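**Q** What follows is the residue order along each chain.
There are 4 protein chains.
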Amino acid sequence: MRAQLGTPFDAFDDGDKLKEECGVFGVIGVADAANFVALGLHALQHRGQEAGGIVSYDPVQGFNSARRFGYVRDNFTKADVMSTLPGELAIGHVRYSTAGSKGATAIRDVQPFFGEFSMGGAAIAHNGNLTNAAALRKELIERGSIFQSSSDSECIIHLMARSIQTNISERIKDALRRVEGAFSVVAMTRTKLIGVRDAHGVRPLVLGRVGDSGWALSSETCGLDIIGAEFVREIEPGEMVVIEGNKVLSTRPFTPAPSRFCIFEQVYFSRPDSILGGRSVYETRRQIGVELAKESPVDADLVCPVPDSGTPAAIGFSQESGIPYAMGIIRNQYMGRTFIEPTESIRNMGVRLKLNVNRALIKGKRVILVDDSVVRGTTSRKIKDMILEAGAAEVHFRIASPPTAWPCFYGVDTPERSKLLAATMTEDEMRDWIGVDSLKFISLDGLYRAAGVEAGRDPKAPKFCDACFSGEYPITPSDKIAEGFEMKAAE
Amino acid sequence: MRAQLGTPFDAFDDGDKLKEECGVFGVIGVADAANFVALGLHALQHRGQEAGGIVSYDPVQGFNSARRFGYVRDNFTKADVMSTLPGELAIGHVRYSTAGSKGATAIRDVQPFFGEFSMGGAAIAHNGNLTNAAALRKELIERGSIFQSSSDSECIIHLMARSIQTNISERIKDALRRVEGAFSVVAMTRTKLIGVRDAHGVRPLVLGRVGDSGWALSSETCGLDIIGAEFVREIEPGEMVVIEGNKVLSTRPFTPAPSRFCIFEQVYFSRPDSILGGRSVYETRRQIGVELAKESPVDADLVCPVPDSGTPAAIGFSQESGIPYAMGIIRNQYMGRTFIEPTESIRNMGVRLKLNVNRALIKGKRVILVDDSVVRGTTSRKIKDMILEAGAAEVHFRIASPPTAWPCFYGVDTPERSKLLAATMTEDEMRDWIGVDSLKFISLDGLYRAAGVEAGRDPKAPKFCDACFSGEYPITPSDKIAEGFEMKAAE
Amino acid sequence: MRAQLGTPFDAFDDGDKLKEECGVFGVIGVADAANFVALGLHALQHRGQEAGGIVSYDPVQGFNSARRFGYVRDNFTKADVMSTLPGELAIGHVRYSTAGSKGATAIRDVQPFFGEFSMGGAAIAHNGNLTNAAALRKELIERGSIFQSSSDSECIIHLMARSIQTNISERIKDALRRVEGAFSVVAMTRTKLIGVRDAHGVRPLVLGRVGDSGWALSSETCGLDIIGAEFVREIEPGEMVVIEGNKVLSTRPFTPAPSRFCIFEQVYFSRPDSILGGRSVYETRRQIGVELAKESPVDADLVCPVPDSGTPAAIGFSQESGIPYAMGIIRNQYMGRTFIEPTESIRNMGVRLKLNVNRALIKGKRVILVDDSVVRGTTSRKIKDMILEAGAAEVHFRIASPPTAWPCFYGVDTPERSKLLAATMTEDEMRDWIGVDSLKFISLDGLYRAAGVEAGRDPKAPKFCDACFSGEYPITPSDKIAEGFEMKAAE
Amino acid sequence: MRAQLGTPFDAFDDGDKLKEECGVFGVIGVADAANFVALGLHALQHRGQEAGGIVSYDPVQGFNSARRFGYVRDNFTKADVMSTLPGELAIGHVRYSTAGSKGATAIRDVQPFFGEFSMGGAAIAHNGNLTNAAALRKELIERGSIFQSSSDSECIIHLMARSIQTNISERIKDALRRVEGAFSVVAMTRTKLIGVRDAHGVRPLVLGRVGDSGWALSSETCGLDIIGAEFVREIEPGEMVVIEGNKVLSTRPFTPAPSRFCIFEQVYFSRPDSILGGRSVYETRRQIGVELAKESPVDADLVCPVPDSGTPAAIGFSQESGIPYAMGIIRNQYMGRTFIEPTESIRNMGVRLKLNVNRALIKGKRVILVDDSVVRGTTSRKIKDMILEAGAAEVHFRIASPPTAWPCFYGVDTPERSKLLAATMTEDEMRDWIGVDSLKFISLDGLYRAAGVEAGRDPKAPKFCDACFSGEYPITPSDKIAEGFEMKAAE
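Protein sequences appear in the order of chains A, B, C and D. Per the numbering used here, residue 500 is the first one in the first sequence, and the count goes up by one each step. Per the numbering used here, residue 500 is the first one in the second sequence, and the count goes up by one each step. Per the numbering used here, residue 500 is the first one in the third sequence, and the count goes up by one each step. Per the numbering used here, residue 500 is the first one in the fourth sequence, and the count goes up by one each step.
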């Protein structure tokens, strides 16, 4: 017997992954819009597995909503749920539970949020994070607003309720001008589908054409593919589109700001078949592997991905280095992503059951493992244990992102800074702590090149938000600073 | 808009896959044996996703059982289920529903089956198929046996009940000598764990050591890995092992017969990280890709697997041909295998939601698609549609198994012969029907070589059961012949 | 065969019963207060069977709530629910769904409602009906409040949120001074349990002592009995009690008004073992039967109640008349009250399965049936059919309330006026329409006498609210008048 | 505060009630027969609340079954269950769990049992108890039968399977001639509905006409009433009826024996609206109260039933004695019978929540409480506590059955003899132990008179089975004697 039940797999926590918090989707102009939204959310499930919600509008039956814990496929495929969501206009949301409360009452935190105003109802779904939500919430409560959830996103709907504008689109603008942070918002009134991205365009949002009559908004293009919609274009940073009938009206409600799209969407969050900036995410990730092989070559017998997120970079690394690509670690396909469940015990169980080493293949080999990122380092350590226990001669880690040394405040769940391995150790110290023969991260410049910025990162005007690597936050995290978070000292 | 909702994905049926019907697992000599069985069954879930069952024995609480529809992870991880299964001895079963009845009463068909005999109780779980079950069942009913299920495997327990032997192991021998067909059986009494393979050894079964005190039996070695058990050896064709305390007693109850292990286990059924005949299944599959590239090369830009089962052969094809490997089709990881659900409507839904083309990557490329097999050909046709619709310049199919022209009667779910594409068409006709630029299957000799038989297939004494390709059935399917099935004419 | 399946029972609708809408309960000063609330709500289940909710407060875990459709016994007895409701302070609510929306989203309408204010949270549960809620709601939405439910009671919590008072008790006063209508309210802050009755005291509310340290508020005394609490006194019309620690502080926040307790609580709503005005409700109802026998005697063989609500009056009728009491109609005890479920189809099913005639007893007899009320008359007609079909020689109806000719706007679900049998027919016409040998209602004076007002009803200053019989509404139903309801013309 | 939560109500166990174990129902010759069976079982729910099952037969879909824990109304009213039970022929069963196993596997014990024989399938449902089942089971297992349940009733189906008769009706006769005990059996083949009562006719079974084309068999006439069927006649002791098409064939397969119908059906088990021996059960029970008042008069203010089973006898007692009848104890109508749930903790909870004293009525009064029986005496003691705590001046118990001093072995769940209060105490000792002012049981002669045997009980040839009172067992309980049970010594 090689291992006690419970070790070494039982502590594969998710500290080595950052987690996207949300995906949003909306459809207008097609019958049974909620069914399309369900399909779109299913395609966006990797952005949030804990819960999902859909709101639809039908002229006869008004606004209806359904919110459920669990996967889209387990909830929004059932006739008894979908039949309650009639109409040609619907929006939806999938979420991972980080900000909101947990436990018995948390269904209240599942979006979309709905509000009834004197000129009619509106629903709103939000991907991102508001950096001044705590201050806004306090102010709203003092003025008589009653919050129904612990979600900061609810501020938007209360700000809308208190706007003096007489149409809902204008109220959304009013509300979003008051909030700070990163957001891609999909909203709906009785007749309009609305999409907005914050001025920096931190989170993605794309527009698609559904048949001749309809339109869709989706966090990623893979959400358009699943319903057979045509990808039209990305919503631009700072842009608001209001779709009604066959018209898409574009406005720019915010003060212009430099574009700072989240570079971690390229590394890990987005699906490999999505298109970002005109390129396949898969191709960008493969290119990261190519850059990594150039920057940090090593002599070995096999290049193996840590499945599944390390796969494209491992393919690129193999192609650049000439070292054969192999499936050295097999993922049990009956699990979802490791970080699905929010409670500690299930998460542990999840990881213990997730991966197996291809023992007969690995034995006696020098193995390069390619993973997307290192967060706490605990998973890396356990994977190394698995590989060595199976008889590998050498283990080399190559990481498809720079060291993650700073928390994200823009809609990604990260541990506090002191728990990030790279915040407290050098690369060599990390290598020794994980216990591998070598450990190399791609450089920030290499990552920019792989993402299509041939010149690498311009420190004066970086093209992406890379705060988790650089500590340079494009939007001041004011709530967090009020709580005591210390920004990187200016150099 | 490129496609109507519902097309082209909505008819991706499972006709292009053969389905393994079962996995079996047993553990003796460790506390909470049922928990180990649950983990083992989880690792064997690919062998049967419809339902699972566990029986355990505890000296105080006697035999207990739990049988559930759905995944192991959804049922046998819950405290309220597992707490009802105490003891240091347990066996389990996962199944795909083909032979038994479907619908409301089918839980009766979920194994293990349990019988109470005058000398005590016994439970039995069976992977394979009995080719004389219909005749046996008729005879048993006439003699007063009452069948509780529609499963043919229940014959075994009734034959045991009528045996005049005074201990259960002998009764199992008596019963299994009466049945014909392919079987790997795991059984238990109050004190013994028992494993048996039919004389030809068609279905796999392996023995593992659990810590210092326990033993495990599993359909595949991946079931041992998940619980940290050490792989000891395969149970041999025609062997029966009776494990009690620390002793493993081996006997040979059946007339010796040539070994004819199912070659489709190598091609598709077994997990790539399992070990068969001393080799990684992954490696055998990669080698199939190598042989295929040698036999049927073609000029192209990308080699793409049809995920996930085509992946190892695609890697081998790329390595042999030098054409870059790429993930041209992305599988939604929140689905299981396509053939999970037994009802038509859900199966259709399953496939529509399962795959997406990496459009930005495929556009304008000449693509080689590597898949494991073609059964009805319907899925291949739809995948081709998807790839062309995404703008591929050429589509070439390479299949990691020979044409599937004959049904399996040994525990695999296959359509009737007339529905098998290769039973009615030549390779060229299939290519035209599917509508691709080229279509090539690996030769039977090539497959044998990849599986380690360097000399290729010896028509006088083939090392494997390859009836689905060759029409040569090592065990006469007597029930089927009685129903009118026509064997291949002798040449 | 005497009847087709489906007739004559299948249309036993509930038009012949008025339905109480709510019961409220609260406890302070005992460990696991929510368990006591669950017991109290179970005892008050007759006041609302559709749904229930409990909010509790614990210094460590804050406010928690659980809201469920269905019976208290099916939801608030489970460990997984009750363990989420810790603390020594809790309030709860049971409801019948009349005002709020129905269907998928209606769980939002289940009370208690909770609001977080700048000085802390508060929860509130309401029995009764606000007659100016529509106007208030419109005004609040215009000022930026977001309603989460379709329940008019939610107005109270929004009025509280907008109050400028700095403690919650004062905010409750502010809010309740703005509302019109009938209400008994139970509310809680982090430290206080609060009870209020409207100025007329239309709905009941009583105070109880729980052990040495705790207090309870309950709609009826039967809620105190179940937890072994001592009945202290009724909360008085217009009184507000604020309970903190061992102190009960009483104030009178509203303009004084004459007491007008709902007389239908005496006739039907309250449980027979509750105490109202110092007397057992059972005794009052028995006395109604005595008065009825004096007012409208008839020669017959048996006096039978329409179970179960007609039972006490039938006993009284039998005792006064000397005609033997008998159980001529048997209620299936596995059903609840007929009007449990809010959807038409289930309600119909409910009634078809509910009652059976004691055929062998009834055959050839002259039967007096005593029922509590006649609303639409449809049930009476079907009961008459049942009795005659069983062979009764004569059927005489005696009704323990006067003709119900006006809708209630104070927390009781009544059909619109045109559907009330007594609004459109004389007593003789009703007798003929129902098809019985005689039909007599108790007089309003007789009812007052039975309820302890020896002098009968004083038209100038009636002691009770009897609007449903008299059309004299003590509180102007302003929302309804705005919708077009016509009050009785002044005489 | 009068009582701690948990006392005195929390130990109201069910030791004071005997429990009927089963009800059976069958229908032939009407569309959707299973719906009629569901209604019939609902009317028979008082005979068994733990679980229910229905088997139906349809020429196209064959035999189908559904078995569920819980009430009929909660399971067999749902479309997804009922749609799986097509056909014009169906039988069903409700049960209380006493003999069979409990816990996770017990659904196997829920009847009807089904067997497939060489000449076709058959299903069988059994009310009663076989007194030689243990011996039969042992013999059958030795001969190779495999039992699927722990229910003794399964012997019948195995005996049928081993019969050499060539039609199923004859096989049923064969099987029932081998069993000893009390039984009313309803069975079905593909074309026939079959009913049988044991030679003594211990358990009830009646025949009804359903419309022009159909027939029904039911444990009681109330099952016929609910579906509008006409009561034709009782099946006679020792009679077997085979119903096919429009014909009812009657035979007498057993050695004739004196009729010994269970007298406790009259006292407690049967529903008051059922007809037994041509009389309403209600009327017999009322007459018991009359006899009791003659035998054991006492001066008092009120006669109160212990609800609900004591009600008819209390009415009779009041009518004979002239002491006013009153509802002194109110049952919470949202509970079922106390003995619903088989686990101790829920049972306790059940009783605590069940009854409340009508305090304002009882205070200062001398109260006669009429109950149906005393088993362990524990409930009586707690009811006395409740009544005294509410201020009653005197408490007198009058019991509508003789002292229960012997266990029943014919299908009723009774405690072992040592736990029966009357087996260890005289009437005076019981009075003191319970702690009431007087306690009187009806005499056995009085009970016979009330049941229509004017001459009282003939000790040489009693008309009823009264073993629980007299210790005279008409059928030898051979399994129990083998286990050590001592019969009453011959006098």
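I should point out that these hints are in silico values taken from the structure, not numbers from a laboratory. Bear in mind that the values here come from a model prediction, so they are computed numbers and not experimental data. One or more of the hints may lead you astray.
The list treats identical chains as one, so a pair stands whether inside a single copy or across any two.
Heads up, simulated EDC-like pairs for lysine to aspartate or glutamate below, C-alpha to C-alpha not over 20 Å straight-line [to be verified]:
no., residue 1, residue 2
1, Lys862, Glu729
2, Lys853, Asp807
3, Lys672, Glu615
4, Lys672, Glu738
5, Lys793, Asp936
6, Lys862, Glu819
**Q** Confirm or reject each hint.
**A** Outcome of the hint check:
Taking the shortest alpha-carbon separations for Lys862 and Glu729, only the inter-copy value of 15 Å comes in at or below 20 Å, while the best intra-copy value is 47 Å. Proximity of Lys853 and Asp807 under a CA criterion of 20 Å is satisfied in both settings, with 11 Å inside one chain copy and 16 Å between copies. In this assembly of identical chains, the alpha carbons of Lys672 and Glu615 lie at most 20 Å apart only when taken from the same copy (17 Å versus 26 Å across copies). With identical chains, the CA atoms of Lys672 and Glu738 are at most 20 Å apart within one copy only, with a shortest distance of 11 Å there and 47 Å across copies.
Proximity of Lys793 and Asp936 under a CA criterion of 20 Å is satisfied intra-copy only: 18 Å inside one chain copy versus 37 Å between copies. For a Cα distance limit of 20 Å, the shortest separation of Lys862 from Glu819 qualifies neither inside one copy, at 24 Å, nor across copies, at 23 Å.
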